Each structure stands twice: as structure tokens, then as C-alpha cells.
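S.K.: Okay, here's what each chain looks like letter by letter:
Number of protein chains: 2
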Amino acid sequence: MSSIGPPTGMRDWLPQDALLRQRLMETISSVYRLYGYLPIDTPAMEDLAVLLGKGGGENEKLLFKILKRGEKLAQAKDELADYGLRYDLTVPLARFVATHQGKIPKVFRRYHIGPVWRADRPQKGRFREFYQCDIDVVGGASSAYEVEIITATERVLNELGFRKYWFRISDRRLLPLLLTGYGVPQNKISSIAVLLDKLDKISSMELHAELNEILQKDSSPWRKLRLLIDRASTNVDHTVLLATVLEHYEKHFSEIDPVVKVEIDQIVSGLGRIIKSVRAINSNSRLIFHPILVRGMDYYTGPIYEAVVEGCSSAVLGGGRYDDLIGQLAGRKIPAVGCSIGFERILSLLQEREAGHAVGSVPRALLICDEQDAALLQQQAERLRNEGLCIETYLDHDDVGKQFKYAETAGITWAIKHFDAASSSLTVRYLPDRSDHLWYILQCESYRIILLYSA
Amino acid sequence: MSSIGPPTGMRDWLPQDALLRQRLMETISSVYRLYGYLPIDTPAMEDLAVLLGKGGGENEKLLFKILKRGEKLAQAKDELADYGLRYDLTVPLARFVATHQGKIPKVFRRYHIGPVWRADRPQKGRFREFYQCDIDVVGGASSAYEVEIITATERVLNELGFRKYWFRISDRRLLPLLLTGYGVPQNKISSIAVLLDKLDKISSMELHAELNEILQKDSSPWRKLRLLIDRASTNVDHTVLLATVLEHYEKHFSEIDPVVKVEIDQIVSGLGRIIKSVRAINSNSRLIFHPILVRGMDYYTGPIYEAVVEGCSSAVLGGGRYDDLIGQLAGRKIPAVGCSIGFERILSLLQEREAGHAVGSVPRALLICDEQDAALLQQQAERLRNEGLCIETYLDHDDVGKQFKYAETAGITWAIKHFDAASSSLTVRYLPDRSDHLWYILQCESYRIILLYSA
Chain S
154 MSSIGPPTGM RDWLPQDALL RQRLMETISS VYRLYGYLPI DTPAMEDLAV
204 LLGKGGGENE KLLFKILKRG EKLAQAKDEL ADYGLRYDLT VPLARFVATH
254 QGKIPKVFRR YHIGPVWRAD RPQKGRFREF YQCDIDVVGG ASSAYEVEII
304 TATERVLNEL GFRKYWFRIS DRRLLPLLLT GYGVPQNKIS SIAVLLDKLD
354 KISSMELHAE LNEILQKDSS PWRKLRLLID RASTNVDHTV LLATVLEHYE
404 KHFSEIDPVV KVEIDQIVSG LGRIIKSVRA INSNSRLIFH PILVRGMDYY
454 TGPIYEAVVE GCSSAVLGGG RYDDLIGQLA GRKIPAVGCS IGFERILSLL
504 QEREAGHAVG SVPRALLICD EQDAALLQQQ AERLRNEGLC IETYLDHDDV
554 GKQFKYAETA GITWAIKHFD AASSSLTVRY LPDRSDHLWY ILQCESYRII
604 LLYSA
Chain H
154 MSSIGPPTGM RDWLPQDALL RQRLMETISS VYRLYGYLPI DTPAMEDLAV
204 LLGKGGGENE KLLFKILKRG EKLAQAKDEL ADYGLRYDLT VPLARFVATH
254 QGKIPKVFRR YHIGPVWRAD RPQKGRFREF YQCDIDVVGG ASSAYEVEII
304 TATERVLNEL GFRKYWFRIS DRRLLPLLLT GYGVPQNKIS SIAVLLDKLD
354 KISSMELHAE LNEILQKDSS PWRKLRLLID RASTNVDHTV LLATVLEHYE
404 KHFSEIDPVV KVEIDQIVSG LGRIIKSVRA INSNSRLIFH PILVRGMDYY
454 TGPIYEAVVE GCSSAVLGGG RYDDLIGQLA GRKIPAVGCS IGFERILSLL
504 QEREAGHAVG SVPRALLICD EQDAALLQQQ AERLRNEGLC IETYLDHDDV
554 GKQFKYAETA GITWAIKHFD AASSSLTVRY LPDRSDHLWY ILQCESYRII
604 LLYSA
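Sequence lines, in order, name chains S and H. Count the first sequence with the working numbering and you get residues 154 to 608, in order. Count the second sequence with the working numbering and you get residues 154 to 608, in order.
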């Protein structure tokens, strides 16, 4: 039984990781709260009917279903399950909104961080139980909500210490219109969109080969598109780029339907207004227009966006407006706009960044059991805790070397070798290899500290 | 579809409750961290074999099982499920310890707060998805760990503002020994234990009736027990009570086996030492010896304890030493002592206490949309957020009365009617019925505040 572990594709969280996860949740929460967003939660399970919706289809395969129980199982014919574990936080949100109509405000700003389950084939970085983090405004039709969500989300990235990122924006409707204008046949548009979605991950040779195959060597749309892709490289000023796109399609769209042209014009100016507003609020914004942006989900109805962090080939977060989805269960149209933060991806970036540091752990000290008995040691520890110090006590009578060893393996930075209540002095041994030197010095203001550096 | 809701016996968490839950988790976590305890987490599911252990039995009925998928379901004969949802946090802890042997320190202090699932019949206050909160020391054999757990847990109760509580302690082995000494036949002991476990919930008439039935009107053991029960009333000094019990059994145990007597003596002195140590650490401790204490779980092997809060008929938390359970999956004996905080019960006590107050909600202000356009409003809001204020903006052009109304229904305390960046002044309307007056005044130090009290 010694190789016993968690279920396939699922993870235990040891303290270091559990703490880091908690810190990430707290950072995200505190930023969105600043914007008036509040947390909600829903059960891990939902009725199968809610989860499968009308179609079922793709999602059904991903579902962990809950076996019926007792009588109901005995009588069950085809369907052996009654509930399923949620596979995202969007379906539960739609159900939540339908359930609590009247109790939630007209414009409902909420965030939801929690685990979801998918019976996917586990792969590196892909789990069967993982955290999602969704922020949405339900009931807000104005594009001012996009501005708010983007501003708040950029603040999250900054709080997390990401400086080298780009926040790309486009509109779900734009790329198909542009491709049409370039002369791409309607039946090729979705293949090209899929290809462009992979742009960050494939080489330019692969891109060419695939484009050639899709467009059957008709290079004219490709040349026009090429200009757009080149301009959409991440370090171009957004105003230049916007102007380029406008100018670009002025030049190339002479033959297309004026109605389509008006539509493109409206979409591009709408995006321009969002970018301008965001930059007026936050002059450090790294929001850029990215006309070839494709977000996988087909439920988006308007602006879409994503953030890419330097050194990471896929987006760390993404979102957009989806006005047709949330109201489906409530039976009326409810506009909505949101953002899904790639919680697990960001967590693994933080883990890499902090590898070797004890940053994720709570700074704490070990009170060494020297000659005192346990009862006295515990009284001393409590006095230090009353000062706000996290103090662990070593309660067995092992020799001091063994106790230091324990502190090191348990990730404890400071070992208190002697506590003199009369003179308020602590004789402290600092265990190297840890980087949170300063914490205890700062926290121990009420004590005179005698430092013993270990060899 | 408008009556759609969460699955039977499960709950949605609206913001107010989600925030309160989060606050409770944070309070509990911060106290245990002070004592060197760290968080862990485990998946919602475990292998069925892990959950059912050797016996299965009672637990099997409570289990939500996960239906096998694809091929495996098609080929399944008897057992249609492979995983189950965890029904407590103790079995996952045992599995966690078996999985991560060598990675966790010899003395492993951990806390774990998370949902568990039980396919119970839902009742008032009993849910099919609910939170548990467990604190345990794995690998600590000394009774100094009981002292630590009790001290830390009393600190939690204090932090939560519970002043009128009793923390009762006994030893799992004591009551059967005492009952034997009083002459209760061996086959009646467990019935009497079950009865004593209900003592807080039944009337003294019911108690008498049931005792009479069990003891078949042999009133001699009952009279002796009576004295113990009377003395075990909650407001007796523990030293008096300890002495009474010692004296009491000296008097009544003349006929019993001297070995048993030594055993009782050791147990009672052990408890005496724990109580003395706890009181030496914390002079406000409300730990009392409660010789008739019975905790349901039969896996306890030594000291057991629980806390009862005035006005609440069942214990709000309980725990004890259980040296035989954790090592079962690891294949070796591992001593363990812990405490399970009745998370949901405490949450509902906090909800009652705070009903009508907006304490659970995040203090935030609504920036009213007056004449400015949304873009300007959002710039102003961001300046206030940069000062650490939680600011929600009203982004539709509704009339001001409607905006105040929204603030009230959304639980927002302050409405900012006018923000003058030049003079750093805020004209603020206070929405009554809320009790967190001071927050904004304190937070807004950098602004001159002009208060408009609403009619």
C-alpha cells in the first residue's frame, strides 16, 4: 500500500503549494474587491440536465458523473447518474443567476475561484481537478464594463509582479469580416481562424505550409493578411496599429459590401474607444489592438481579449463579451462580460519564479527544547505568539542538533535557542538557505535579539 | 426552468455568506499558523478502496460515487464506480500521510479546511455538501500536543468572539472504567455512554426514564453516577472537580481490581497535567474536566475534548487522540491528535450574531454617475482605488435616485456624489441601516469629506 496516491490526474497540495495557491487567490480577490466585485460559490455538483444543456456533445465526455444511490440506482434504466461535477464556472453562473433572480443586483459583479473537474486524459500541466478563476459582470451592456474588467485585470497582473506582458484585444466579429474582405472564401474562414489561434505556438514555416494548403496557393489574401500579422507584433504602438488597420482595409476593401465596411468601421472604432479609455485610466496599460486575435469559445459576441506573458507560449488569461449565454437558463437575454484567469498557469509561473525561495511558506520560528520541560517551553512560546510571532515548539527531548535539522527540513527559517523573559532577549539561530531574513527582525521589535549564525 | 436550483441538500453561496465563510477560514487559519500549523489540500475524490477501507459498512451508504467512464463503464460488471467523493478529511489525511512519507516532517502539524460530501437525508442544518475544518498533529506522542491543540483552539474561540463557552476534557478510556467501578454490567456500558452523550439535549425526566430502563431499576450505580454528573456541571472549578472525582472513586471503588484502579489513577492524573499546563499557558482558559464526556467516534484512544458554547445545544468542536488510525494506510503505527471545528455550526452562529449588520460584506462605496461620462467616472474611480478604497462605479445613465436605490439593495454603505480632484474632496452620502460608519472615514484620510446624511 506504500505507493498509494491521489486519483489519476489529481494532486495533493503540500503546505508550500497550498500557501502559494492561497496567496494567489487572495491577491486576485483583493484587486477585484477594489472594483466592487464580490465572491460567490456554488456546489461541486449540478443536475446533469444543467451541465449538459441542450446539446451535451463535447462536454458529456469530460463529465465526472455521480452514480445514483439506493432505490433510484436499483430502478435506473438508461441513466445511471443524476448529478455531475462542474467542468467550468460559467454554467454554474448561468444556473446561479437563474436561481437567484431578484436577489442579485441588476448589474452583478462577481468573482468565483474554485475547483472544476474534467475526465480528460491527464497530461503535463493538464489535470482532472484544477482551479478556475472567473470574473464577470452580469447585466452590464455598456462597453464601460470591458474597460473596467481590463483595468482591474491589468492591476492583478501588476500585483503579481508581471511587467512584461501584452494585453491583446479584438472583437470576435472582426477577423471573419477582414478575411472576407481579403477574398478568403467563407468555407475557409474558420480553418484560418484556428490557424491564427496557434500563431504563438508554431514556426513561420509551419504557418506558411498550412496557409498554402488552406488557400490552395492563392497568395493574394495571404499577402494582405501578412501585413496585418506583421503589424500585430506585440511592440507596436496601438494608435499606429489602429490607424494601420483602418488605412489597410480602406486600401484593400474597395470591392466589399458597404454594409460590411460600416460594420468593420463600428467595431474598430468601438475597440479604439475601449483602448483609449483604458489608457486614460491607467497610463501604464499594456492593452494593444490585436486584429488577428481568436479566442476558442464560440459563445463570445463582441470584444475579446487575452494576456500573454513573456516566456509563456499560451495566454495566461482571456475573456470577452458573451451576451447570449447567461440568460439561457433564466429565460431572458442578459448581457455579460468577463475574464477567466488561467489560475493554474499563473500558479506554475509563480512556482517557477519562487523555486528555491521560501516565499510561499509562512515565516515562523522553532522554539528549541533545551533544558526546559515541555510545559515551560509552551508558556514561553505563547508569550511570543501574543506578540504576533508564528512559533512552533519542539516538544520531544531530542538533542539540539536534531532539532535544528528538523527546522531545516520543515522549512523553518529561525530557531530560537534561548528565550529570556526577564531581559526580553531571544538567542536566535538563523538557518541559511532561506531568504526571509528580515521578517523576524522586524516582528521581534519588543525583544532584544542575539543572533547566532550557523556554520 | 425558473425554479432551477442547486442539487438537493447543497447550497449556493451569495456574496454576503461567501465573505463570512472566507473570514471564518482566515481567522481559523491565522491562529493555527501562529502555532506552526500549515494548510494542505487533497482532491475531492479518492479511490473507492481508500474511502471504504476494510469494512465499508456505514460509510458506504453516505458515499457519492463517481461513475466509471467510456470503455471501463462498458466493461464494468458489479462495481460501476471507481472513485468517491471524500466524506471527511480524516481518511484523506491518512492517505496523504501514506503518499508523502519522507516528504513531510516527523511531527506534521497541518490544518485542512474544505468541503466534504455525504449522501445523507438533508435536514435543517445538515447538508450534503458542507465544510469541515480539521487540525491535527501527526507523529506527536506526547500529551504536550494535546496542550498545544487545546490552547490554539481556545484562541480561535476567543478570536471569533465566543466568551461564554466551556472546553470539556476527559479520556476515552475513563467512563467505561468508572461505570465498571460503579457496578454497571459490561453489556450496559455502551448504552449508558450513548445516553450520557445526549445529556445536553434531553430533559432530566427523559434521562431518568432511560437510565431506569437500562439499569433495570438497580439504582445503586445510578446514585454514584449522579454525583459525578452533578459535579460535572459546567461552572465548577476544575481542581475541585478533579479532587472530587479522585476522592469519589477512592470511596466507591473499594471492591474493584487494583490494576483498574491504577489505570484510572494514571488517566485522571494525565488529564490533570494537561489541564494544569493549559491553564499555566493561558490563565483565561475555560478548560474543565468533564468525566462523563463521550465523543461519538470510536477511533479515539486517549484524551477527548469538545467545546460547548452557551445557547447552543451541541458541541461546536471536538477532538482527541487517535493513535491507531492514521498509520493504517502507511502500514505502521503513527500517533495523532487533532481537533475538528464544527465549521458549519460556527458559521451559522456567526450568521445569527451578525444578522442585520453588513459586517460580512466588504466596505465599499458607489461612485455615482452624475453628469460625467463613463470614461471620466472610471478615471476618478481609479484614483480613489489607488488610495486603497473599494469603489464601485455606476456606469449607466440612470437618475441619481435610482443609483442610490441600487447602492442600498447591493449592500453598499457610501455613495460618493461628487469627487473634486482639484480640492481632494468627496461629497459623500451615507446610506443608513448599515453599521460600518467608520471605515471610509478612516480610509479617506487623503480626502476632505463632505457628508450628506440621507433623510
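Read the hints as simulated data drawn from the structure, not as lab findings. Mixed in with the good hints there might be a few duds.
Identical chains blur together in the list; that is why a pair holds if it fits in one copy or across any two.
Said to hold, decoys possible - Only pairs whose alpha carbons sit at most 27 Å apart, straight line, appear in this in silico DSS-like list of lysine-lysine: (1) Lys225 / Lys370; (2) Lys221 / Lys414; (3) Lys317 / Lys277; (4) Lys221 / Lys341; (5) Lys558 / Lys486; (6) Lys558 / Lys259; (7) Lys221 / Lys259; (8) Lys256 / Lys351; (9) Lys277 / Lys259; (10) Lys225 / Lys429; (11) Lys341 / Lys277; (12) Lys486 / Lys259; (13) Lys429 / Lys558; (14) Lys354 / Lys558; (15) Lys555 / Lys259.
Bear in mind the structure is a predicted one, so any value in this text is a computation, not a measurement.
S.K.: Looking back at the numbered hints, which does the structure fail to meet, lowest number first?
M.R.: 1, 2, 4, 7, 8, 9, 10, 11, 13 and 14
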